[in-house]
Amino acid sequence: MRPILMKGHERPLTFLRCNRDGDLLFSCAKDHTPTVWYADNGDRLGTYRGHNGAVWTCDVSRDSARLITGSADQTAKLWEVSTGKELFSFRFDAPARSVEFAIGDALAVVTTDNFMDHVPTVQVKHIAEDIDDQTEESALVITGIKGRINRAVWGPLNRTIITAGEDATIRIWDSETGQLLRESDKESGHQKTISSLSKSLDWSHFITGSLDKSAKLWDTRTLTLIKTYVTERPVNAVDISPTHDTVVLGGGQDAMNVTMTDRRAGKFEAKFYHKILQEEIGGVKGHFGPINALAFNPDGRSFSSGGEDGYVRLHHFDSDYFSIKM
Amino acid sequence: MAAAAAQQKIRWGELEEDDGGDLDFLLPPRVVVGPDENGLKKVIEYRFDDDGNKVRVTTTTRVRKLARARLSRSAIERRQWPKFGDALKEDAGSRLTMVSTEEILIERPRAPGSKAEEPAASGDPLAMASKGGAVLMVCRTCGKKGDHWTSKCPYKDLAPPTETFTDRPPTSDGPPAPGGPTKGAYVPPTLRGGADRTGDSMRRRNDENSVRVTNLSEDTREPDLLELFRTFGPVSRVYVAVDQKTGSSRGFGFVNFVHREDAEKAISKLNGYGYDNLILRVEWATPRPN
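Chains A and B, in that order, are what the protein sequence lines are. For the first sequence, counting from 1, position 254 maps to 254 in the UniProt record's numbering; every step adds exactly one. For the second sequence, counting from 1, position 63 maps to 63 in the UniProt record's numbering; every step adds exactly one.
Looking at chain B on its own, in the form it has when it is part of the complex (with noise of 0.2 Å):
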């Protein structure tokens, strides 16, 4: 309190040699160097210690953002809040919070000239049937599609391929799309990214070559359709739909020939073939060439 009331009334000439806390005028000023680009800033200031030494102390802090903070401050505030009605019996094994074990994704849809269209485009008796969204009925045993029920049909029984014109392709599976949102879509390899296009003409007479080959077992996968389809010719390309979060075959496939006449030839011989218990149904990919 003296020392305060001391300090009210300075008189230059009754100031003691060593009462430097006064005589700060003699010291540099105060330097800030602001916080750089990893937020140090230092502080230099000068003092007089208590010998009446000049005495520099730098003061050095590091400035650091936290995380942007989502919450409001009302909203950390409701965080703290106890919990009530139903909420306080909870115990820990509840469990009625859960994360999805599933990776969910938000699913593109299909561009046009993708699968879907197809049925449209074949204009045959199948695609009639479909496009009413009944089951497919083809008789196999006569080979006529859709014409009439199997009744007499000793494979009656089998489950028609479901899914093929009805269902849409899941989206998750199905070779790389060029790099656009169609996910799923089969996309010719003509028009994928970083497609060879010097071969193309040849390469597009090979997907008019395009077998697709329907209700396959859950486990066919591509080596068990190339080994069905080679005997007939050399085959450029297998490809089996699988669904990625099953990981079992999704019922059908395509198979490309290099030569359409080998092409031809497998549609006749393996279209009611007996394959792993079900009958094969195989045709062309693509609305009937010629």
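If we strip away everything but chain A, and leave its shape as in the complex, we get (with noise of 0.2 Å):
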């Protein structure tokens, strides 16, 4: 396949994330500007000016009307997608790191770090369909974890809300009351950081990925651990595919082996695992840095990676990736 070479972003890749209907790709980056891309020609149509920090995360509402960023500002924004117009910021005492609407966009989940004395929190946002009746009041605040929350999403039609970070243990709260539902096992689950959680097409299950090196796929209900997928480098992007009984993870380097990189460039890869038999199909090459963000397209058929090197690249994948047998 010949990928589609992005460079909007001058500063490091940290999110991608599709619309509904596949068509756009929104990728956010530490250069505050968070951007929209044509999904299958890679064209850009714009940009979301506004931010005045690195930009964590974002999603998009279901009828593409919709964007809600989370920044290192201390803010998070909602923004008309057709024009780039910014609708609404969500102020806060610390950096905003994870964003999610809820299913029928009327709620969005926000995290905030734990910064100087703030403890990280997860908050619920009510989102208005009219932006004029739109206020900042939280609907639920939950604290009481320790480390930095790098993932929070809705568990199945909004009941819960899925939390992952620093501390290696997701969550599942209640998010009606904020009670803490339940934990994931320490022994059998991730070792360090987790810094990456994608929830499966139809919600009824979530690979996260950490810097343990591993990616491990959960059942959104149970949190009952399904599926391990081991890696050489610590993995810092995860996805899972919606057509395919395939996951792809993305990573970085290890610390110790910097001096040792090859010195052809391009040669960190998204890899590839059977989602069922957790075996390595194969990876695909060509970022010259550590890949931060990916994200398949929800027809399937194409997925994009971005680095830290700024790049985002597109691919849409041959037809020997469909007929791959293991």
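Fair warning: there could be bad hints in the mix.
Claimed, not checked - Only pairs whose alpha carbons sit at most 20 Å apart, straight line, appear in this in silico EDC-like list of lysine to aspartate or glutamate:
(1) B:Lys-83 <-> A:Asp-245
(2) A:Lys-285 <-> B:Asp-243
(3) A:Lys-30 <-> B:Asp-86
(4) A:Lys-267 <-> B:Glu-103
Claimed, not checked - Non-contacting residues of chain A with respect to chain B, defined by C-beta distances greater than 12 Å in every case (computed):
(5) Gln-74
(6) Glu-80
(7) Asp-132
(8) Lys-146
(9) Ser-204
(10) His-205
(11) Gly-286
As the list claims (entries may be wrong) - Non-contacting residues of chain B with respect to chain A, defined by C-beta distances greater than 12 Å in every case (computed):
(12) Ser-72
(13) Ser-74
(14) Arg-78
(15) Ala-87
(16) Ile-106
(17) Pro-188
(18) Arg-212
(19) Glu-222
(20) Leu-226
(21) Lys-265
Hint data in this document are derived by calculation from the structure and do not stem from the laboratory. C-beta: ideal position from N, C-alpha, C; glycine also.
Put the two chains together into one complex; each comes in its own frame, and the hints tell you how they fit.
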């Protein structure tokens, strides 16, 4: 395949997200400006200007009308996708890290970091349909997690919120009361910071990637560990294919290997694993730096990766990907 | 209007002879020959023309399916959106989006039993040094491997043969794999697709006479190795690993001798031999036979 290279960001990429229809790709980077691209040919549509800090994550509503972004400038902003206009800004006391719309786009979960004296929080905000009614008030605030929360997502039917972060533990919280429902097992779970989390298409299972060089697949309702994928590099980004039994892992580089980096550039690869057999299918090389973001297109026929090198690489799969036999 | 009003109250007795519009029941019915495999559809109708003649009208249409539209309707609308933000001042020459010039493949992982397993199997100090990930140190003057540094040796400045054990061989080069997913692994001729298995035992012995040559210069190719090694005896096969992307040699290759003794002689004579400004390392390819 011939990947399409998109160099719209000056700084490392942090997050990639496709809209529900799969025709738009949103990229967030440390350069303050989330960008939207057309997912078929990589043409840039526009950028969202307004943040003053690195943008960590974003999410787009189901109708692709609204975009929410979380940034290190201690705000989460709501944008109009089509024009780039900033609609609303939620202010926090600490950098906002993870954002996600709930099903129905009437709620959003935002996490804040443990910054100075502030504990990390998970906050649920109402999203009003009419932007004039939008307020900053939180429907729910969850505290009680020690380490930085890297990802917080909604569980099935918006009943639960799933968090994962620096303390390597996945927690499931009740989204109405904020009560802790489940915690992942310390022995079988990750041993180091969980850097990324991604849900399957039907939200029945999700994958987490961790700096302990593995990724794990979990059941969303019971938090049972289903599968483990082992790799040689710390994992920064993960995603599950919406159509095939494939997961993809993207990673970085161990500090001690830095001096032995292959002299050929473009060696950082996104590794594909068979979701059920846990075996490696193959790797796609090309990035000049660690991969920080991965996203499958909802049609399962392409995926994009964002790296530390500031590039987004959009790959449309060849037919041999679909006929791979394990 | 008058015509419409008149049509509402038809009295057959009042109809004029050539008022054919209302005599449609005299015409044969409309026939539709549905879309065939080419998508052709025929509709045969009958009507009266202005002179009152029966006229047969055949309409042929081709029903063609458009190429599968990938975009939903809202996606098509989004395609029409004007650019905003930083994309406004984008000119045609900004080249933010480019198609990669390289073909990127999903590189399958190598099957077990391929080259990367060899260092573990050889078990000599050479392999142990490489397992630690350290750069291989071979003293070439005295020939002792991994024992001491060549501080006094005149060839100390030359680059040691990196990436033979530590690195994985590039997956895009190498002889065609036996139809399986192992791209780039060296597959002995006996296991390749279309291999002739009749001379099996002889060939297997041949593969045990395989000699690995490392620290080759970038320009070294098969003919060079052949010329260098043929003086020791008949050579059945030579191979040099070439990086598909750059076209230069990856620094190592294999030579298969017909006779074992020739291979032994080659190893002893050529190991440490200076060739194209580099010191060759020549040894058995597989864990030392006997």
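Practice problem: Report the numbers of all earlier hints that the structure fails to satisfy, in ascending order. | Solution: 1, 6, 11, 12, 13, 14, 15, 16
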